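Undergrad: Once you have looked at the hints, place chain B on chain A.
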Amino acid sequence: MRPSPRALVPVLLCAALAAGCRSHEGDARGAQRLVLRYQPLGPDPAPFRALVAAFERESGVEVELQALPNAADLAHQLLVTSLGAGGEDVDVLVLDVVWVAELARAGWLADLSDAFPPARVREEFLAGPAGAVVQGGRTYAVPWYVDVGLLYYRTDLVPEPPRTYAALAAAIRAAQAEAPGIAGYLWQGRQYEGLSCNFFEALWGYGGTALDGERLRLDSPAAREALDHLRGLVADGLSPRSVVTAAEEDARRAFQEGRAVFMRNWPYAWPLLQDPASPVRGRVGVASLPGAEGPAPGALGGWQLGISSRAPAARRAAAARLVAHLTSPDANAVLAIAYGRNPARRASYEDPRIRAAAPFIAALLPRVEAARARPVTPYYMLAGDALQGELSAAVSGLRSPAEALARAQAQADAIAGVAR
Amino acid sequence: MGAALVAPAGAALALVALGPLLATAWLSLRHRVPVLGEDHFVGLSNYRALAHDARFLGALANTAYFTAVAVGLELLLALPLALALHHAGRGRGALRAAVLVPWILPTVVAAKLWALLLQPDLGLLARLWPDGAGAVLTRPRLALHAAIFVDVWKTTPFVALLLLAGLQAIPEDLARAARVDGASALRVFRSITLPLLRPALLLALLFRSLDAFRVFDVVFVLTEGGPGHTTEPLSLYAYRTLLRAGSFGLGAAISLVTFLGVVAIGLAWLSALGERSPGEAPP
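Sequences listed follow chains A and B, in order. Residue 127 in the numbering used here sits at position 127 of the first sequence, and the numbers go up by one each step. Heads up, the numbering used here is the position in the second sequence plus 420, with the first residue counted as 1.
Source of the hints: derived by calculation from the structure; they are not laboratory data. Computed from a predicted model, the values in this text were never measured in an experiment. Treat the hints with caution; some may be incorrect.
Said to hold, decoys possible - For each label pair, taking beta carbons as the anchor points, the in silico distance ranges come out as: (1) B:L525 / A:E257: 27 to 33 Å; (2) B:D459 / A:E64: 28 to 34 Å; (3) A:R173 / B:D631: 46 to 52 Å; (4) A:G417 / B:I524: 45 to 51 Å; (5) B:R468 / A:A314: 46 to 52 Å; (6) A:D275 / B:D631: 42 to 48 Å.
A virtual CB, placed ideally from N, CA and C, is assigned to each residue, including glycine.
For reference, chain A alone in the conformation it holds in the complex (with noise of 0.2 Å):
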């Protein structure tokens, strides 16, 4: 007797139950499958898709992206509770420079020395981004594109760039005295990670490190000077006082309408400025940050792709060739080309496709080498939280800038203390 159409119903509902809840291990084929965590890298994915396609083509291994929130604070922590879960729902893991120590630390990066050695790392790579990928002589991620805090300036109103904090403050009174109303020097001063990262700079501007072994050093006399100076940028009226809630979008936005003279702000900024709609066309230089006697580094920012711990052998051999594949020379250009995305391999500024497509990006490579990461300790992002409150009171001139650091010094040993 032929079963009927109605008998096969409870059949393909648990066909259709099975197929839900297959494991990402591999169908009934044994194809592999890995899931890619990451954040969307501009308004069109397709360069990025035909970039992972390709890779499926050559390997036969399927790849699930699994897009992350585009803010590094929400992203990290849905990281850090599915990987602090024991979550093994994910293979490969796109991480924030800041991250990679923190999670080293935490046995949840896969060491990828076999793959990566760190001395092939450190030559092919650029040093900031080498630096902090490579832990303790291992590799446990790969850089995968670089950002770098730059000074943008207004060729109509300024000569040339200036190289120090007191050229700084002449050119800003200059160009006031040429456009009056005109604001000074724009940049990132609202209670979040930007600001750590304009303080670095401003620290590293004054000749100082962060960083003493692990331990977290900031309450030292250049990182007073440093808070002093970005204190006083707003105190003397050479910054407005918007700064203090200013994040990347509001300094371009103000800049961007030529409302001021100088602003720091990260590369992406370039083309939005250059756009045939905007006001200041055709109008800005950049240069590197000033500092106290000369130009200092920018803060280092960028991606780096990591494999997670709790993947199976099996699929990190894979993994690890979607790494390399992923930071290809040819995944660099189409990075740097389709999104604006600064290589993070040195080689790839001479590649004659980027210099051809985006000479912007060919012709920041001094400042990309010079640029320097944020203290690259476990500590850091614990940390983090305590040091932007701090740093936001200095600035905003609830607290002089030896309280705030005094201040954020012991929170901060407070952390690494309770953590030994």
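TA: For chain B alone, coordinates are given in the frame of chain A:
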């Protein structure tokens, strides 16, 4: 029989409310930082740390100030609004709908709207009064008031609607009889309307103060707690400690203190609500 009928609801409550609460209380007695692989019992030391934590005391003060000022203003503004709506003649329905618009907006959307208006450089208010209202978010001692303002702007209609329902429950005859006895409009309001409105007022106070004590979204969108933690309420501090700093034990302790604050406020209003209003006849 009654107990058996209540049992499913009780079980559901235990599962979704009591369980997580006890888990949080247990977590608050531990030092747990998953990123550092730390997890051990520390007794009350998280609470002792909070007692000396300037940021925690600041957050507690911010939360209490926000709740008191926002809820007080909302009641003060909502009462005349409710009276006006109650006595409005034609177009009453349309008026009520219009008043509700701010309350219908999701808080995040309303806060983002005001964040754009108050943006200290390009915002509309900054263009009108560059150093006055436009700069409010940049001033550590004023920024919290911007959050209070947005909350008042958004929730006053809701309070007004609660009071309006209370007003409509008052029998017209009482006011009419008083007027026959020669009472002035003010006297009618003080001796009849206000006492009979008491349950509605207390209910509005209960709802709003519980809500305001847990404030998160307005502040998160407007200032992220800055400048210098001066606008940070307890729930934002708890969130950051839990999820940004990844310190689960301490974060749980802050959450529990917030919860206890909410419970205390709720009990205070409920006991006030339970008291009979003066002059009300015994049943």
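Undergrad: Hints first: check each against the structure and report whether it holds.
TA: So, going through the hints one by one against the coordinates:
Separation of L525 of chain B from E257 of chain A is about 28 Å and conforms to the stated range, judged on CB atoms against 27 to 33 Å. Here the CB-CB span from D459 of chain B to E64 of chain A is close to 32 Å, well matched to the stated 28 to 34 Å. Taking 46 to 52 Å as the suggested C-beta distance range, the pair R173 of chain A and D631 of chain B conforms, at roughly 50 Å. Between G417 of chain A and I524 of chain B, the C-beta spacing of about 49 Å keeps the proposed range 45 to 51 Å intact.
Distance hint for R468 of chain B and A314 of chain A: a CB-CB separation of about 48 Å, consistent with the stated range 46 to 52 Å. A beta carbon spacing of about 43 Å between D275 of chain A and D631 of chain B agrees with the range 42 to 48 Å that was offered as a hint.
Hint check: no violations occur; every hint is consistent with the structure.
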